[in-house]
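Protein chains: 2
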Amino acid sequence: MPELRLNPITREWAVIATERSRRPHDFKKADETPAPKPDHAPTCPFCTGNEAMTPPEVEAFREPGAQPESPGWWVRAVPNKFPALAPEGVFQPQPVGVYLRAEGVGTHEVIIETPLHNHTPATMPAEQWREAVRMYQRRLQALCRDSRYKSLLLFRNEGRTAGASLEHPHAQLVALPFVPPVIQSLVDGIARYRAEHHKDPFEAILEQEHREGVRLVHTAPHYTAFVPYFARVPFEVWIVPHAPQAHFEQVGDSERDAFADTLQHVLQRIDAVLSQPPYNFMLFTAPVNTAAEVEFRWFLRIAPRLTIDAGFEIGTGVGINITAPEDSARYLRGEG
Amino acid sequence: MPELRLNPITREWAVIATERSRRPHDFKKADETPAPKPDHAPTCPFCTGNEAMTPPEVEAFREPGAQPESPGWWVRAVPNKFPALAPEGVFQPQPVGVYLRAEGVGTHEVIIETPLHNHTPATMPAEQWREAVRMYQRRLQALCRDSRYKSLLLFRNEGRTAGASLEHPHAQLVALPFVPPVIQSLVDGIARYRAEHHKDPFEAILEQEHREGVRLVHTAPHYTAFVPYFARVPFEVWIVPHAPQAHFEQVGDSERDAFADTLQHVLQRIDAVLSQPPYNFMLFTAPVNTAAEVEFRWFLRIAPRLTIDAGFEIGTGVGINITAPEDSARYLRGEG
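Chains as they are written, first to last, in this note's numbering: chain L, 14 to 349; chain U, 14 to 349.
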């Protein structure tokens, strides 16, 4: 019998329909098996020596004496060459009859996480990955200083099926002049839950997940990684900090390193269990430059792309998850 | 410069970012080129003669004297063999600690649109397609008589990339015991627009689209097909009835036939311009069995699957459309 489960923050139902349930290796598709890659690709715009193929960098971690736009860096942030949004002008919606339009004001950056073409977040040395995550934070910090921006999203597309057009390891960052629907629904949901229960919903979720234990993937001193009870897709994982901190931008260095370690561990488990599947991850952080501080807790959501959203999901907004969250978590813990 | 455009009903922004704009033939992928198919496939559960491979039919249009579960039908409705929801029990959400869960109560049917394996909505005879759409309506009418259901969605997945697992022409229908987020946001948006503007937003949209003309795809006596100003994906088309009717279930026979003809024409144009692309379409109709009648207008949304939703779209809820709606419409009108 299929089951419906509610996300207590957004109040969205997900269907857990395990009639067609599959074990991890059943999800594997031949065309998703990554072919061996070289550590340097001559035509890759993100590889060392090809710095001129990207727009001029906005920030880089590089060796002392190394010049901008040239080798010697270990993490590099550049504007997206084909930006969804452009950092000029002001967000001023104007009516066009019944519609509204505005200039597409925003910033769209790429964070090149390593000079090595064939590494991944799961395979790069821990120290390198910590540096990549340090750059995530530095760019978020830089962009929220622009008062035109109200919301930031750091995300990563891994694999062609997940929307990645270049295979060299990279994340993306967008700054938006408005709070988009997904983040607004988190803000609204947190406020509603607190008003009804006099408690932060993340605190309530963490308490229950630790009490039940069946959906835990990994517990670290400052973070818990778990498959949410209301997961919309197979092997979805949330990494939630124990401290109720609204802004990832404000996380201290050692906690940020601990977060990078937890995230790397979870991505290694996902790669091991699902044979390097395509995935997206999204780092949600509180709206910025708001009149009043909003209640929020930053967190990261990993959504493997193992199934296809079709007419049902697009037309209803309800996810169909064919692997029980408890099963996903058990596999990810390595208990087969 | 990218542009932001607002859906006046749901108040969602879409990014129109044509820097990477592509003409129709640039979207074509080799693996999406449909191979020639036979008109009958021995192992296809939806082909004539294989009726025993599906669960027992719930309704069929068949020749006089032909027996159920055997050849002689021209449209056939059956329960989904792997249903996302099951038609037993009652929807009674129960707390599980901080979460809510409910039995996955619902109905999930498949409408086999023709006995011929290798037809499509674009290629089947107009009369056959009208019969398929007549069955859509009959099944919607039947399911809304079950007072447990609050919302119905008829949808169609065409092509593997769009989530179709069987190639034989078929649509799907789900009945849900609650109003899902996408339909609730239409209901809320229509009410808000009416309260603010004292006008049905669909009427305002139709007036503007006819006045401007640049996004029109096809105009029929009872329907207008257009690419919405705020289209989230390339070549998105809405078919909106001119009459402000809430329920597709209540459309009269001749208007329903005219709708089938309009839909078929648009799908033929999409197939011609984009070489039979994968797509989803969703037929939105008003919530049913509600305490009070809600303001709504049924309509159909076609969303070709030419690009991939990735971290940005999943994490923000904002679409990035790389083809200007005016360009999509021009191509679909055949003006190249």
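Possibly wrong hints are sitting among the right ones.
[Said to hold, decoys possible] Only pairs whose alpha carbons sit at most 25 angstroms apart, straight line, appear in this in silico BS3-like list of lysine-lysine: (1) Lys41(L) to Lys94(U); (2) Lys94(L) to Lys41(U); (3) Lys41(U) to Lys94(U).
[Said to hold, decoys possible] A partial selection of chain L residues facing chain U, derived with a Cβ cut-off under 10 angstroms: (4) Leu19; (5) Arg169; (6) Ala175; (7) Gln185; (8) Val187; (9) Phe294; (10) Ala316.
[Unchecked claim] Listing some non-contacts, in silico: residues in chain L with all C-beta distances to chain U over 10 angstroms: (11) Thr61; (12) Met66; (13) Glu70; (14) Phe95; (15) Ser160; (16) Asn302; (17) Arg314; (18) Ile321; (19) Glu348.
Keep in mind the hints are simulated off the structure, nothing from the lab.
The model shown is predicted, which means the values in this text are computed figures rather than measured ones.
Think of the CB as a built atom: it goes at the ideal place given N, C-alpha and C, for glycine as much as any other residue.
**Message:** Under 10 angstroms is the threshold here; is the Cβ of Leu19(L) close enough to any Cβ of chain U for the hint to stand?
**Reply:** holds (4 angstroms)
**Prompt:** Regarding the pair Lys41(L) and Lys94(U), is the alpha-carbon distance no greater than 25 angstroms?
**Reply:** holds (23 angstroms)
**Request:** Over 10 angstroms to the closest beta carbon of chain U is the bar; see if Ser160(L) clears it.
**Result:** holds (18 angstroms)
**Request:** Please settle this one: Asn302(L) was flagged as non-interface, so is its CB more than 10 angstroms from every CB on chain U?
**Result:** holds (17 angstroms)
**Asked** Taking the closest pair, is the beta carbon of Met66(L) still more than 10 angstroms from chain U?
**Response** Non-interface label stands for Met66(L): nearest chain U Cβ at 16 angstroms, farther than 10 angstroms.
**Message:** What's the verdict on Lys41(U) and Lys94(U), does the C-alpha distance respect the 25 angstroms limit or exceed it?
**Reply:** Violated - the C-alpha atoms of Lys94(U) and Lys41(U) are around 32 angstroms apart, more than 25 angstroms.
**Request:** Grab the minimum C-beta distance from Arg169(L) to chain U and call the hint holds if it beats 10 angstroms, violated otherwise.
**Result:** This interface hint holds because 6 angstroms falls under the 10 angstroms limit.
**Request:** Under 10 angstroms, Cβ to Cβ, is where Gln185(L) needs to be relative to chain U, so tell me if that hint holds or is violated.
**Result:** holds (7 angstroms)
**Request:** Verify the interface restraint on Ala316(L): the C-beta must sit less than 10 angstroms from at least one C-beta of chain U.
**Result:** The hint holds - Ala316(L) has a Cβ within 10 angstroms of chain U, the shortest such distance being about 6 angstroms.
**Request:** Please confirm whether Thr61(L) is truly not at the interface, meaning its C-beta sits more than 10 angstroms away from all C-beta atoms of chain U.
**Result:** Given that every Cβ of chain U is farther than 10 angstroms from that of Thr61(L), nearest at about 25 angstroms, it holds.
**Interface hint compliance - Phe294(L) to chain U, C-beta minimum distance less than 10 angstroms** = Holds, about 7 angstroms.
**Message:** Checking one constraint from the list: CA of Lys94(L) to CA of Lys41(U), max 25 angstroms. Satisfied?
**Reply:** Holds - the C-alpha atoms of Lys41(U) and Lys94(L) are around 23 angstroms apart, at most 25 angstroms.
Hint compliance for this structure: hints 3, 14, 17, 18 are not met, and every other hint is.
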